[in-house]
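Q: Each chain, written out:
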Amino acid sequence: MPRWAERFFPANVAHSVYILEDSIVDPKNRTMTTFTWNINHARLMVVEERCEYRVNPENSNWTEVKREAWVSSSLFGVSRAIQEFGLARFKSNVTKSTKGFEYVLARMQGEAPSKTLVETAKEATEKAKETALAATEKAKDLASKAATKKKQYV
Amino acid sequence: MNSVGEACTELKREYDQCFNRWFAEKFLKGDSAGDPCGQLFKRYQLCVQKAIKEKDIPIEGLEFMGPSKGKTENSS
Chain D
4 MPRWAERFFP ANVAHSVYIL EDSIVDPKNR TMTTFTWNIN HARLMVVEER
54 CEYRVNPENS NWTEVKREAW VSSSLFGVSR AIQEFGLARF KSNVTKSTKG
104 FEYVLARMQG EAPSKTLVET AKEATEKAKE TALAATEKAK DLASKAATKK
154 KQYV
Chain V
99 MNSVGEACTE LKREYDQCFN RWFAEKFLKG DSAGDPCGQL FKRYQLCVQK
149 AIKEKDIPIE GLEFMGPSKG KTENSS
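Those protein sequences? They're chains D and V, same order as listed.
Final position of the first sequence in the working numbering is 157; the numbers increase by one with none missing.
Final position of the second sequence in the working numbering is 174; the numbers increase by one with none missing.
Next up, chain D with everything else stripped away, as it sits in the complex:
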């Protein structure tokens, strides 16, 4: 939880955040899909991440990753601020997680970290979209979806 939010939600501070990951391995289509999201503090913020790993169609020695994330909050009045915070945090963390990923892969393959992943990640198209969900009542705070996408080559 961000520092500035702790003041407003003291009840949430002490608790751990529990994360669930589901994954599907499809050996026929040679894909792996993971879906990860937090299952508590959900009213404050939910971050969902979906990763799809598949064989690159142009080079079967490469594995392609499509990473998508959705940030939402249903907290009255401050949902937009929380979502923007969550999205910004996700973007900065994805760089770190890519580095970690790369480190593990390099160790598994017994070689120095290849430049390819970092370079392609930098060049990769990154989009952030916010789509406001249709509001049924005017008083209801809008929940918005944010999606970031990254393509990486491993």
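Note that these hints are calculated values from the structure, not bench results.
Be aware that a few hints might be false.
Below are the DMTMM-like pairs computed for lysine to aspartate or glutamate, each with C-alpha atoms no more than 20 Å apart in a straight line [said to hold, decoys possible]:
hint	chain 1	residue 1	chain 2	residue 2
1	D	K31	V	E158
2	V	K127	D	D29
3	V	K140	V	D114
Once you've looked at the hints, dock chain V against the given chain D.
A: Same frame as chain D, now just chain V:
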């Protein structure tokens, strides 16, 4: 990685080891018959279920692959 329940970590390790072997040596080679790790899984699962209850982790109503459906329709 440790289990969500401290007491389950050893059971998790045993199950993980069994699963990883089965996954790499059988499943990925197209042999999905048999369930060599079922017993280990059940023991581990019981332990985790107990831990989830003790820690009050909100698992009611959770759905496979996400809290809400219709996420896969693409926004690109």
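Q: Confirm or reject each hint.
A: Structure-based check of each hint:
1. D:K31 / V:E158: 32 Å, violated
2. V:K127 / D:D29: Holds. K127 (chain V) to D29 (chain D) sits at ~12 Å (cutoff 20 Å).
3. V:K140 / V:D114: 13 Å, holds
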